[in-house]
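Residue numbers (the numbering used here), protein chains in the order written: chain S, 1 to 487; chain B, 1001 to 1489.
Simulated from the structure, these hints should not be mistaken for laboratory data. A hint or two may mislead.
[Said to hold, decoys possible] Which bits of chain B does chain S cover? Going by a derived footprint, with three or more residues having C-beta under 8 Å, they are: (1) 1126-1133; (2) 1339-1347; (3) 1429-1435.
From a predicted model like this one, the values you see are computed outputs, not experimental measurements. Don't be surprised by glycine CBs; every beta carbon is placed ideally from N, CA and C.
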Amino acid sequence: MTLPEIKYTKLFINNEFVDSVSGKTFPTVNPATGKKIVDIAEGDKADVDKAVAAAKAAFKIGSPWRKLDASARGVLLNKLADLLERDAKTLATLETLDNGKPLTAANIDILICANTLRYYAGWCDKIHGQTIPADGTVFSFTRLEPVGIVGQIIPWNFPAALAIWKLAPALATGCTVVLKPAEQTPLTALYIAALVKEAGVPEGVVNVIPGYGPTAGAAITAHPDVTKVAFTGSTEVGRIIMADAAKSNLKKVSLELGGKSPLIIFKDADVDQAVELAHQAVFINQGQICCAGSRTFVHEDIYDEFVKKSVERAQKRKVGDPFTETTEQGPQIDDEMFNKVLKFIKSGKAEGAKLECGGERLGDIGYFIKPTVFSNVTDNMTVAKEEIFGPVQCVLKFKTLEEAIERANKTSYGLAAGIVTKDLNTALVFAQSVQAGTVWVNCYNTITPQAPFGGYKESGIGREMGEVSLQEYLQIKTVTVQLPYKL
Amino acid sequence: MANRNLLIKYTKLFINNQFVDSASGKTFPTLNPANEKKIADIAEADKTDVDHAVAAARAAFKIGSEWRKLDASARGKLINKLASLIERDTEYIANLETLDNGKPYGDSVFDIACAIDTFHYYAGWCDKIHGSTVPADGELFSMTLREPVGVVGQIIPWNYPILMLAWKWGPALATGCTIVLKPAEQTPLTALYVAALSKEAGFPTGVINVLTGYGPTAGAAISSHPDINKVAFTGSTEVGRLILAAAAKSNLKRVSLELGGKSPLVICSDADVDEAVQIAHGAVFNNHGQNCCAGSRTFVHEDVYEEFVKKAVVEATNRKVGDPFADGIQQGPQVDDKLFNKVLSLIEAGKVEGAKLECGGDRWGKEGYFIQPTVFSNVTDNMRIAKEEIFGPVQSIIKFKTLEEAIERANDTSYGLAAGIVTKDINTALIFAQSVHAGSVWVNCYDAVTPQAPFGGYKQSGFGRELGEDSLKEYLEVKTVTIKMPYKI
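Work out the full structure, taking the sequences as your base and the hints as a guide.
As structure tokens, then:
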């Protein structure tokens, strides 16, 4: 397999690729081999200042971006989708190289990128304020205006898809952007930046600053000219960002954080189907997904059969070279996460969960971990409470729906939840009782551009996708005009 | 490039993605209004053909059909694809439109661009049509589904053939309906061409059907068909009544109507007269006056009246009439001899009833249905030219004194399609906008119609809205689903 030429390794400011002010670079590593792919320009505060200044100029009334019809923004987003589709192969290859996910999965991610762009392209000229029957001799209306210069900080688990999840609503509403991709995975964000320019988006509207959280990320969250920050990542860093926003200019904050999402397998479930569903729910993307079904509650009546079949399935999971078509699981993203997962596995063993399979590294090159299944997990164990973000399934036993709901809700997280059942009442009662931003019934990880996604409680603030996501990038202005008499 | 020498590719009925002869084998001629000569013979649909088309549309609408199984977002992709094919063939379609309708080539190109924008607008709505979940009283889980209304009949006029097609197909396809469209008998050509493009775009068979033919036969068969769920019509108020009656008599199919107008444009004393003259001229003379929302009653404040009339006459006298394929032409022929004669007879009425003929007032040239740009001044409210829709290049200038009076006289009509005002004063603009009985109000502009904002009539100018989010309602049915819950949550 011939690797593509890495064309874009510098900061993207004002539609140009430039070195960082300091001249510094950092390496991005291939997690399948542990080897450096290429050096990337490292952005810091000075670069963020430049990028924000560019975004600010692009946002000024009278700028080319502000003078565009709303429908013209839609044309640009559709054009960008076309370009991503044109270069899908290259993008997917870069993604697999940088992130380690199987190429088959990266291909799907790029499809998601295009569909998401097209969804938001349709919203651009459909963002309506209202005229309002206000008390008094007045004419009152609202305008929904773009919130302004937005900072966007994204993680490494779905680099291209999350770049698009962030860019699309920001551009649809007319904002301008400074985006910081994760330091582990800068390649596809920079390639997308080049496509943004090719699509014809005016300069300064989109700026991409690769770099590290404590430097470039912190500069964004504390910047006085950034009016909103959107972050996807860990709850721990989410707190820091919210605190920075409070301390600086009270910039608006939306957060997509961690999860410990419960998946309930009810006794009337088809066990084979439930096993496959639960397997994908937790092992997809090497377990590196915020809404992973990472607490698998199984009804006692089918528990033993479920565990046996889950173990068989996990043992069959093909782990290896992400560029091989049959591979289901690639390496974890880097040594830090790799070690963290192994540590969790150790705690599971120590705290008395039963290790059914896996539980250790695979091979001796790259950050590969064997698909791991723990059974007899109880709620108080570390593996049942903390987000592992690795290929580790935890199977717990339950007796009644009410109990399952209570235990499902007993967490500071609230990102997603799922249930497998044929019973109408069970499905509806669960869907309405569980404290989660997304509830799946007889499916899992079914995320589409049309429906909102986001967290209850400490899984985050605000929603992405769907109509409501636009609100995060808009501010409401009420205009009231005095009338000579009531009409 | 304007070019009248075209190969006419499609002349038959379009049913189930195929071009077919009518069941009777009959055809009718479509004429070029610039020279009154036949362009081509077109298949003539009647009741039997309507039955075939409706059956095709019904099959395409059935749950489990290819169309019904598509993701909503996939409908959006198909609509965008159709728009891009129209864009690809802009030149050909513009020539076809000018040949069939008589409007200048540049106007046809503009209409096509508007049609493309309209399709893009609706493509974006497909997967954003939301029902609600509802906090109903009781131990219930309640929600609404917004479902496509079904098989829709669409009957469109000849004044903006391809644009009216886009206005009709956009919301119907976005909501997931299936279509039987009857274009006007005067202008069938671009509808048949776009039908072929819809097949090329990949729309499943039966989703779009186009039947060329006449109102009393094919049109009537559509409005009274028992298996059509909704009819949408744009045309005269007179025919609008017939369609509403047919719907009532048959199966209570839903009806939306875009009818005639006699829209007032009010020029206030603080208006820049030159600007106002320009706005008012375009408002009534665009599309040869063949525009449902034409600013056909020009109310001018007495303080600026003399100057306005003088300049309006200059504008009208300079309006370039002639071969719609030639460069620089602003006005081509009226669409057919019937309309041509109607306009001339209303001009006669104007003269007879005492309006002052300032310029024009007669046929232009010897061949084709051309009429001279005509201006009447000293028009009063009781004259026929002030009350009836002329649908021709005839400006009627009327004097007024106060805003209250202008509003009252503007509203003194059974129509209510549009209205306009030219003023710099904030109170004047807002009071007028809120007081006038019209579906569209323009301030310091006219005919500013965009896909994003709704368009339609008050009173006898019609009901229902096209364009904007509101237009989707016409093509949707609301279903409430209520599920018993074991206990209140």
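Stated coverage of the segment 1339-1347 of chain B by chain S [criterion: 3+ residues, CB within 8 Å]:
violated (count 0)
Coverage of the segment 1429-1435 of chain B by chain S, judged on three or more residues with CB within 8 Å
As far as the segment 1429-1435 of chain B goes, the hint holds, because 4 residues have Cβ atoms under 8 Å from chain S.
Residues of the segment 1126-1133 of chain B with Cβ under 8 Å from chain S, three needed, outcome
It holds: at least three residues are needed, and the segment 1126-1133 of chain B offers 4 whose Cβ sits within less than 8 Å of chain S.
The structure does not agree with numbered hint 2 stated previously, though it agrees with all others.
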